[in-house]
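Residues per chain are reported as follows:
2 protein chains.
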Amino acid sequence: MAEKIVWINGREQNQLSVFDRGLAYGHGVFETILFRSRKLQLLDLHLQRLEQGLQCLGIEYSLELIQEELERLILNHPALPNGIVKIIITAGDSERGYAWPQPMQSTRILIWSQYDDAQAAQLKQQGAHLLLSSVRLAHQPLLAGIKHLNRLEQILIRREVEQHQCDEALVLDSNEHVIEANSANIFMVHQGQISTPQLHLCGVAGVMRRYLLETFLPFLDFYAEEKIISLSELYQADEVFLTNSIWGVVAAVRLKRANNEAISWSSGSITQKIQQALLRQEV
Amino acid sequence: MAEKIVWINGREQNQLSVFDRGLAYGHGVFETILFRSRKLQLLDLHLQRLEQGLQCLGIEYSLELIQEELERLILNHPALPNGIVKIIITAGDSERGYAWPQPMQSTRILIWSQYDDAQAAQLKQQGAHLLLSSVRLAHQPLLAGIKHLNRLEQILIRREVEQHQCDEALVLDSNEHVIEANSANIFMVHQGQISTPQLHLCGVAGVMRRYLLETFLPFLDFYAEEKIISLSELYQADEVFLTNSIWGVVAAVRLKRANNEAISWSSGSITQKIQQALLRQEV
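Which chain is which? The protein sequence lines are A and B, in order.
Each residue of the first sequence is one higher than the one before, counting from 818 in my numbering.
Each residue of the second sequence is one higher than the one before, counting from 818 in my numbering.
It should be emphasised that the hints constitute simulated quantities derived from the structure, not laboratory data.
Errors might be hidden in some of the hints.
It does not matter which identical chain is used: a pair holds within one copy or between any two.
Claimed, not checked - With a straight-line Cα cutoff of 20 Å, these simulated SDA-like cross-link-like pairs (lysine to any residue) come out:
#1 Lys821 - Glu912
#2 Lys903 - Ser834
#3 Lys821 - Gln832
#4 Lys903 - Ile891
#5 Lys821 - Pro918
#6 Lys1044 - His1007
#7 Lys1073 - Arg828
#8 Lys821 - Ser911
#9 Lys964 - Ile1063
#10 Lys964 - Glu912
#11 Lys1090 - Gly1009
#12 Lys1090 - Ser991
#13 Lys903 - Trp917
#14 Lys821 - Phe836
#15 Lys1073 - Glu877
#16 Lys903 - Arg913
#17 Lys903 - Leu890
#18 Lys941 - Asn831
#19 Lys821 - Asp910
Looking at chain A on its own, in the form it has when it is part of the complex (with noise of 0.2 Å):
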């Protein structure tokens, strides 16, 4: 395993109890930050997704308290090498059933791992390869755009992935609509025009797509917006790019279908403005 370091609720350790609700019901929410330089980037954003998720499902929580282990755990450590930190907040533990624990003590769990950035690195450079999934995501606007533990809808089209030998998925909701790719969210451009899928129904809202949308773009004067993307708007695209935290910008060059057919996209210049000039700063 990449090396890791491990604090549960401030204290260095790497086992939780079976009976944490993270466990039994993903009651709970998580973020994966890239931590470069010694600084945690877009942490304001990610703290603010975290927030919105943890009231959504109703769990208690301190956020001076996860910014303090935060902090504390990159002080303990001065030469912590660049990786990744992933919270896990969950709702702590309790008894058999869905009841909920009165008081509830939530869980606070922070994991930095080594990262070697050489598989993002390539892709940057050759651009990513999807497979369109057979997987479609269910709608429920209750849990749509935040980041918690229920993902098994991202592990079957994991599995897809590997099998087709692609680097990420083009994923599409119910209503065979383009909502993200599976660990990032999906952009694309046409005739100029930059815009990316509404997250209301389904998918989960990334913070660099959050940051790209209502700072990035606006800075590179580029107007984004959010709609309904249909396939064959999708396949008419001049550009497609994805993004997430860790990767930044990546453009998706190709798509293979269930037929083994394939579309491809140009790395186009559109794309290769905003990776450029988003590796450039320090977000």
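Fit chain B to the supplied structure of chain A, relying on the hints for placement.
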């Protein structure tokens, strides 16, 4: 906490690796089995559903090993009282990310819990008061029926049930069809005909539900069918009852709706006949 005995991979312990995919993604399944008179009730049906879930989620397993550990746990505790045995099987530890572990070493968790059946006895006597939940179950045919660890919908529904001080929920899907209760299946009786919702799009196919449909109702000379059931059909039912492995059969006698209107069903003769026959029989 109620008294418990926990085995993880055959050893008595109650701490689990924080890298387990059961925690990270809910990549696992569970069963909740009634232990009565030193016997795991309906064990074969529980193991069949467990196996179906494990195959659906691509988790490697040895059913012989699970059975052997169940037997050994009971033999090692000759005075083990009546209670509930929960089995959780997960895809085991893995690296960060959705990538499937190669090789997979699944985790086997057995939890015996003390169980006070006073609440179930009271429910059986008085009948259950249901809340019509505002949560609509999402359609995911790839996961329908199995008892996996992604249970956030049930967590949200349970919160409503507690807020309204009801015993259980009546849960519909996104088509407004009747699907189940929150931790039980649902049956209706109309003009002597028994029916229960189809579960090919969502819901958990309970072991007690299957036992009634395939074995026990025919044994009592009742015919029961799975079908699509609308809310208005349920309103017009003569009797409604809930089933799960722990309670057996419980009459639903009242349904509270969001507008605080309520409708009532009688705890009628057919429900009582099934309930009493089930109590007499060692299943």
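Against the structure, the hints:
For the identical chains of this complex, lysine 821 and glutamate 912 are inter-copy neighbours only, at 10 Å across copies versus 30 Å inside a copy, given an alpha-carbon limit of 20 Å. For a Cα distance limit of 20 Å, the shortest separation of lysine 903 from serine 834 qualifies both inside one copy, at 19 Å, and across copies, at 15 Å. Within a single copy, lysine 821 and glutamine 832 get their C-alpha atoms as close as 13 Å, and across copies as close as 18 Å, so both meet the 20 Å cut-off. Taking the closest pair of Cα atoms, lysine 903 and isoleucine 891 come within 20 Å of each other only inside a single copy of the chain (13 Å); across copies the shortest separation is 39 Å, beyond that limit.
Proximity of lysine 821 and proline 918 under a CA criterion of 20 Å is satisfied inter-copy only: 17 Å between copies versus 31 Å inside one chain copy. Proximity of lysine 1044 and histidine 1007 under a CA criterion of 20 Å is satisfied intra-copy only: 13 Å inside one chain copy versus 46 Å between copies. Within a single copy, lysine 1073 and arginine 828 get their C-alpha atoms no closer than 46 Å, and across copies no closer than 46 Å, so neither meets the 20 Å cut-off. Taking identical chains as interchangeable, the C-alpha atoms of lysine 821 and serine 911 lie at most 20 Å apart only when they sit on different chains, with a minimum of 12 Å there against 28 Å within one chain.
In this assembly of identical chains, lysine 964 and isoleucine 1063 lie within 20 Å of each other by CA distance solely inside one copy; the values are 15 Å within and 33 Å between copies. In this assembly of identical chains, the alpha carbons of lysine 964 and glutamate 912 lie at most 20 Å apart only when taken from different copies (18 Å versus 25 Å within one copy). Taking identical chains as interchangeable, the C-alpha atoms of lysine 1090 and glycine 1009 lie at most 20 Å apart only when both belong to the same chain, with a minimum of 12 Å there against 70 Å between chains. Neither within a single protomer nor between protomers do lysine 1090 and serine 991 lie at most 20 Å apart by alpha-carbon distance, with minima of 33 Å and 42 Å respectively.
In this assembly of identical chains, lysine 903 and tryptophan 917 lie within 20 Å of each other by CA distance solely across copies; the values are 18 Å between and 25 Å within a copy. Proximity of lysine 821 to phenylalanine 836 under the C-alpha cut-off of 20 Å is restricted to the inter-copy arrangement: shortest distance 10 Å between copies versus 24 Å within a copy. Taking CA atoms no more than 20 Å apart as the test, lysine 1073 paired with glutamate 877 passes in neither setting, with 43 Å inside one copy and 28 Å between copies. Taking the shortest Cα distances, lysine 903 and arginine 913 sit within 20 Å of each other only across copies (9 Å), while inside one copy they are farther apart (27 Å).
For a Cα distance limit of 20 Å, the shortest separation of lysine 903 from leucine 890 inside one copy, 12 Å, qualifies, whereas the shortest one across copies, 36 Å, does not. Taking the shortest alpha-carbon separations for lysine 941 and asparagine 831, neither the intra-copy value of 33 Å nor the inter-copy value of 43 Å comes in at or below 20 Å. Taking the shortest Cα distances, lysine 821 and aspartate 910 sit within 20 Å of each other only across copies (13 Å), while inside one copy they are farther apart (24 Å).
Violated hints for the displayed structure, listed by number in ascending order: 7, 12, 15 and 18.
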